[in-house]
Every structure is written in structure tokens, then in C-alpha cells.
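Protein chains in written order, with numbering that gives the first Met the number 0: chain Z, 0 to 280; chain P, 0 to 408.
I should point out that these hints are in silico values taken from the structure, not numbers from a laboratory. Being a predicted model, the structure only gives us computed values, none of them experimental. Glycine included, C-beta positions come from ideal geometry on N, C-alpha and C. Any given hint might turn out to be false.
Claimed, not checked - Listed next, the in silico BS3-like pairs over lysine-lysine satisfying Cα-Cα at most 25 Å (straight line):
no., chain 1, residue 1, chain 2, residue 2
1, P, LYS89, Z, LYS122
2, P, LYS349, P, LYS301
3, P, LYS9, Z, LYS113
Claimed, not checked - Calculated Cβ distances over 10 Å to all of chain Z for the following chain P residues:
no., residue
4, LEU39
5, ASN49
6, ASP219
7, HIS228
8, ARG268
9, LEU275
10, GLN278
11, GLY284
12, ASP309
13, GLU319
14, LEU320
15, LYS358
16, GLY360
17, THR397
What the hints assert, rightly or not - Calculated from the model, a selection of chain Z residues having no Cβ within reach of chain P, i.e. all distances over 10 Å:
no., residue
18, LEU64
19, LEU202
20, VAL260
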Amino acid sequence: MEQDIVYTSKSELKNPLRLFKNMFSDLFASWDLAKSLLVRDINAKYRQSVLGYLWAFLPALFTSLTFTLANNSKTITFEETDIPYPAFVIFSMVIWQTFVEAINGPVQTIADSKVILAKINFKKEALFIAKFLEVWFSFSIKIVLLIAVFVYFKIPLHWTVIFAPFALSVLIFFGILVGLFLSPFSLLYKDISYGLAIFTNFLLFITPVIFPRPTEGTFATLVNFNPITHLIEAIRELTLGPGGFDFTSFYITSGITMCSVFIAWLTFRLAMPFAIERVTS
Amino acid sequence: MIDVNNLNKKFCEDLKRSLLYGITDIGREILGIERKSARLRKSEFWALDNISFSIKKGQSVGLIGSNGAGKSTLLRIISGLIKPDSGVVKVRGRVAPLIALGAGFSPILTGRENIFVNMAILGVTKKEIKKNFDEVVSFAELGHALDMPVQSYSSGMAARLGFACAIFTNPDILLIDEVLAVGDVKFRAKCYRKLAELKAHDTTFILVSHSSQSILSICDTAIYLSKGHLIKYGKAAEIMNYYENELLNKGKDIEVSTRMIFSEKSAERSEGIDFLEIQFCNSEGITLDTLASGESVFLIIKCKVHFPIDNVGLKIIIRELSFESMSSITLDSSDDNFEFNLTPGIVTFKISLPHLSFKPGLYVAKLNINQSDLHVYDAIESYKFNVIDKHLIMLHSTHFQQRDWEIIR
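Starting from the given sequences, assemble the full structure and let the hints guide the process.
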């Protein structure tokens with residue numbers, strides 16, 4: 000016998016056991032849908048374009064070029080990097096862009112799916128699994144660029160590179176969790192999506208992406224305070240070999256990230272019916 | 000199958016405030032604090048007020064009521080999209096919403112791709128989709144268009160595809176929100192056939208429609224909602240009768256006088272011009288209770304103007320309040336090259352209507368006052384009046400034609 004679904008005004012937190020059970024069963028049940036959405040999003044994104052998949056890494060490539068030119072012409076000067084500056088900045092930029100895609104993904108997908116969110120009660124977890132996979136897909140195209148750069152500059156990879164995907168996963172999770180937390184509110188207030196663009200731009204300048212990690216001064220404190228610093232440093236360290244990075248901060252950041260993902264997910268689930276009620280009909 | 004008990008839902012008229020309430024509601028939900036649901040906050044109103052009913056398996060229910068009666072809100076709560084403010088809704092079985100046909104179709108993808116995505120969103124597994132795929136395609140009559148992008152589809156084709164995707168999800172409960180109005184007659188007939196087939200297989204329906212015909216053809220029972228209240232629940236034919244009578248009776252209420260007075264708006268809610276009063280008068284300026292075909296009357300409309308406005312037009316659309324008649328008359332001052340420059344204060348429009356052409360019956364007029372047809376300052380949604388045949392000259396006519404008889408030598 001099928002179970003009754005009961006809707007009341009009570010907070011779902013009043014019955015946490017059932018809520019958690021529902022959350023995880025929905026998570027597993029949304030896998031099929033996530034795959035369909037992933038295929039749809041990738042096709043929809045690249046089909047109506049001539050350059051197609053090239054768009055996965057063109058932004059990273061051109062930003063890197065800009066900074067390389069600026070660095071070479073001494074318009075802006077950065078400290079010496081371990082590997083040639085162009086290689087450093089392209090490598091970091093690719094990782095950074097992956098992070099930006101992750102943070103924008105949930106807000107974007109919620110905005111794009113407004114119509115179906117308003118009309119159909121489906122497993123919304125699928126939207127985020129699809130975004131998570133899409134970010135990975137897009138990264139896998141970017142790898143082609145990275146390989147080309149590493150070969151051209153003859154940069155050897157350290158064996159620990161096989162662990163780099165784990166660190167990258169944490170970084171993507173971090174982005175998704177922030178986006179996931181913001182997404183119901185972004186339905187209510189446009190400020191979220193407007194602000195997010197400015198915020199990520201600002202974040203770029205306190206993250207060691209276009210410059211190596213500073214070692215002293217107030218700026219260094221600010222950069223160290225930024226959790227993304229530790230994630231990006233870990234990825235670079237694992238790929239290029241030991242350069243004196245302390246992995247403790249990475250483990251702490253990872254632990255906090257994974258716990259927060261759950262909290263963000265919970266918030267999203269509880270908030271979504273109210274957001275839908277207010278902005279759609 | 001569906002059990003609704005003392006259901007309440009409130010909505011907010013004001014966007015800014017509504018968003019703020021949304022945030023507070025979210026906060027309370029997350030912290031597990033009871034929301035103060037029983038009380039209305041500022042600008043709120045009951046979209047659904049103490050609704051209770053239950054629907055058994057295999058029952059088909061029509062949901063009727065004028066716009067804003069709460070029909071769609073009720074469907075949205077039943078499908079679990081939004082939460083009740085108080086009361087309990089119990090649902091058993093898979094619910095498929097047939098609310099927006101083809102919602103979520105992505106225009107660049109082909110019909111084939113969209114079928115897979117759309118049905119997955121509706122909760123169908125890939126295996127089931129593959130099993131039903133051919134049926135969906137043949138029902139939607141896509142033919143060679145299956146591998147064409149959906150943006151090149153006609154609206155009828157897209158609607159067919161949307162309907163097919165939703166219907167082949169094998170739902171236990173189907174929620175249909177006024178979607179059968181799209182598409183051509185052939186498609187509609189096909190949808191009704193399919194619905195009848197599902198009904199024979201014990202699928203439960205809730206159908207929202209304004210058309211009494213479609214409710215009577217597939218529903219055994221009906222629910223009549225008005226302004227958030229459940230007015231009547233019973234056999235479809237009875238409810239439809241009641242509903243149509245009520246619509247007609249509303250017109251009869253005002254038989255006493257054609258004068259209608261509007262409460263004055265506060266300055267912040269006013270757009271600049273507000274209707275104050277409307278009435279039909281005779282040439283002596285005396286308010287008429289009813290109009291008579293062939294009589295000469297004046298429509299007097301009193302407005303309050305808050306600031307000087309130029310090029311103001313007045314538009315009046317009059318329709319007969321009956322189910323067969325679709326005819327209407329539009330009187331638009333802009334069309335007649337009358338645009339007025341108004342100065343602040345009370346302004347009275349006097350529209351002379353010599354030899355009324357209307358046949359006897361109940362009429363409803365919609366009015367608005369606008370600037371060059373673009374900006375509407377105020378509107379009257381329904382102004383009802385009665386036309387009678389005072390001189391018994393309309394027995395064999397559908398319109399009055401003014402005439403004079405004489406002999407010329």
C-alpha cells in the first residue's frame with residue numbers, strides 16, 4: 000500500500016528523522032533526472048554556438064592572456080612564480096573558473112527552471128547534481144588546455160596529481176554549497192544574483208590566482224583567511240609537487256565544507272516552498 | 000485519495016511585503032518556530048479559507064469559480080509545491096500536474112530529447128520512458144518533426160507533445176489546469192478521449208475549467224470556489240447549474256438602480272484618475288433603474304482627477320451576459336477622436352447614447368480610462384445593467400434599429 004503524503008503548515012524540522020530520510024531517498028531518486036538534465040543543459044549550451052566546447056576554456060585563456068601581457072609589460076608586477084607565469088596563471092585561472100561555475104551554477108539553474116519549479120513538484124536535488132556534473136564536464140574540456148600548456152612549458156607533474164581531483168571536488172562542493180544556500184533567496188531577491196557577480200570578482204583578488212600566495216603583510220592575512228586559498232593551493236601543490244604548503248588548513252577547510260553542504264541542502268529544502276509561493280503563480 | 004481538511008492559505012497583495020514575509024517564513028521554518036498562521040498580516044488576504052473536501056479514487060472533479068477564486072492555489076498545494084498556512088492535505092498516489100503544457104521544454108533541443116527530459120522531470124524512469132516513447136510520439140502526431148528543434152514547432156504541436164508527455168506518466172491523480180483550451184478542436188477531442196480512457200482505468204482527476212461543457216463531459220462531481228471559500232461540492236450538473244445561476248443573479252441584484260458608486264482611493268493607491276460614480280440617466284438627468292431598447296439615454300461617469308493629464312480616452316466594452324452570445328460593443332472615445340485634457344478636480348463625462356440598440360437582456364460593461372490606450376488610470380471590471388423591452392417592439396429583433404415612418408408624395 001502506498002503511503003499518504005501529508006502536507007501541513009508545520010515545519011518539517013519537527014520530524015527530523017522523516018525529513019532526513021526523505022532527503023536521502025530524494026537524493027538517490029534524482030539520479031536519473033540529473034543525468035537527463037545534464038545532457039539537456041550541455042546540449043542546450045553548446046548547440047547554438049559555432050565555437051561550441053571551446054567556450055569551456057576560452058574565458059580562462061583570455062583572462063590569463065590579459066594578465067600575462069600586463070605582467071610582461073610591467074603594468075602590474077607579481078612576485079616570481081615557481082613555474083613560468085603564463086603557465087601559472089592559466090592553470091590557476093582554469094581552477095578559478097571551475098569554482099566560479101560551481102558557485103553560479105545553482106543560482107543560474109534555479110532562475111532557468113523557474114517555470115517548472117512553479118508548476119511541477121519534482122526532485123530538486125537533481126538540478127544541483129546536474130550542475131555538479133556539468134562543472135566537472137566543463138573542467139574535463141579545460142584539461143585539454145592544461146595538457147597543452149604543461150607540454151609547451153615542459154612542466155613535469157608530480158605523482159600526487161592523482162589526488163588533485165579530490166581537492167578539486169572539495170573546491171566545487173564549496174562553490175555549489177554557497178550557490179545552493181543562496182539559490183532560494185535569489186528567487187526572492189534579485190540582489191543575490193547581482194551581488195554574486197561583484198562578489199566573485201572581488202574574491203578573485205583575495206585569492207592567489209593571478210599572483211602567488213603572499214607571505215607577509217595584512218594582505219597575506221586577508222588571503223589566508225579566504226578558504227578558497229587553501230583549496231586552490233592544495234590543488235596546485237598536489238599537481239606540481241611539494242612547495243611548502245601545509246595541508247592541515249586544507250583538511251580543516253574540507254571538513255567544514257562537507258558539513259556545510261548538508262546544512263545548505265537542508266536550508267534549500269526548507270526554504271524552497273516559500274520562495275516558490277512568493278514569486279510564481 | 001485526496002483529503003483536504005480545514006485548509007487555509009493566505010497571499011499578500013504587496014510585492015515588497017510579500018518577499019519580506021517570505022524571508023520571515025523561511026526563517027521560522029528553518030528554526031522550527033511555529034508560523035503565526037491564523038492571523039493575517041498587513042496587506043494579506045485569504046486565498047483559501049477553511050476548505051475541506053475529500054476525493055475518492057477514480058473520482059473526477061471539476062473545479063469552477065471566477066478568476067482569483069483560489070483554484071490554482073488549491074492545485075498547487077495538492078501537488079506539494081507550496082505549503083498550507085493551516086490545515087492538512089493528505090494525498091495518496093502519484094500526482095501528475097497537467098498545469099503548463101510543455102513547461103520546461105528547451106527550444107533548441109529536438110522533440111525526442113525534450114520527451115526524455117520532460118518525462119524525467121515528471122518523475123518517470125528512463126526505462127518507463129523508453130517503454131512509452133512510441134505511444135507518446137504517436138499521440139503527439141509529431142511524425143518527422145520528432146528530430147526537429149522544438150522552437151520550430153507550431154504551438155499546437157508543442158501543446159500536443161506536452162499533453163502526451165504528461166498523460167503517459169501513468170499518474171494516479173491528474174491535475175489539469177485549464178490547459179485543454181489550447182489546440183484545435185481535433186486535438187481537444189483526442190485529449191478528452193484519452194482522459195475518458197484514463198478515467199475508465201480509475202485515474203483520479205481534478206479539472207479546472209471555465210467551460211461548463213468540458214467539466215460536464217468528464218467530471219461526475221464539481222467544486223465551486225468563490226473568493227477562497229468552498230461554496231458547494233456535489234454532482235457536476237447540479238454545481239454547474241448553481242454556478243451559472245449565480246452568475247446571472249449577480250446581474251439581477253442591481254436592477255434597483257443603474258447607479259454604482261466607488262469608494263474613494265487613497266492618494267498612494269491612485270494612478271491619477273479614479274472612477275467615483277457611474278449611472279445611466281434620461282434627458283432630464285434622472286437616474287434610470289433599467290434601460291429600454293430604442294430609448295435615448297446618457298451614460299454619466301464621474302471621476303476624480305488628481306493632476307493635469309492630457310489626451311485622456313474613455314473605453315467601454317459592453318457584452319451581453321449570457322452563455323450563447325459572444326457579441327459585444329466597444330465604445331472608445333479615442334477611436335471617435337475624442338481625447339480630453341483633464342484638470343484636477345471632479346470631472347463628469349456624459350456619453351449620449353441615442354436610440355439604444357441593445358435587445359432586452361443582462362449586460363456587463365468593462366470600462367477603463369486611459370492615456371492614448373497605453374496607460375490605464377482606473378478600470379471598472381464589471382458594471383452590470385438590465386435592458387428591457389418597454390414598448391414591446393423587440394419581440395422579433397436582435398437589435399434595435401431607429402426608424403421613422405412617413406409618406407412622401
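Determine which of the earlier numbered hints do not hold for this structure and return their numbers in increasing order. none
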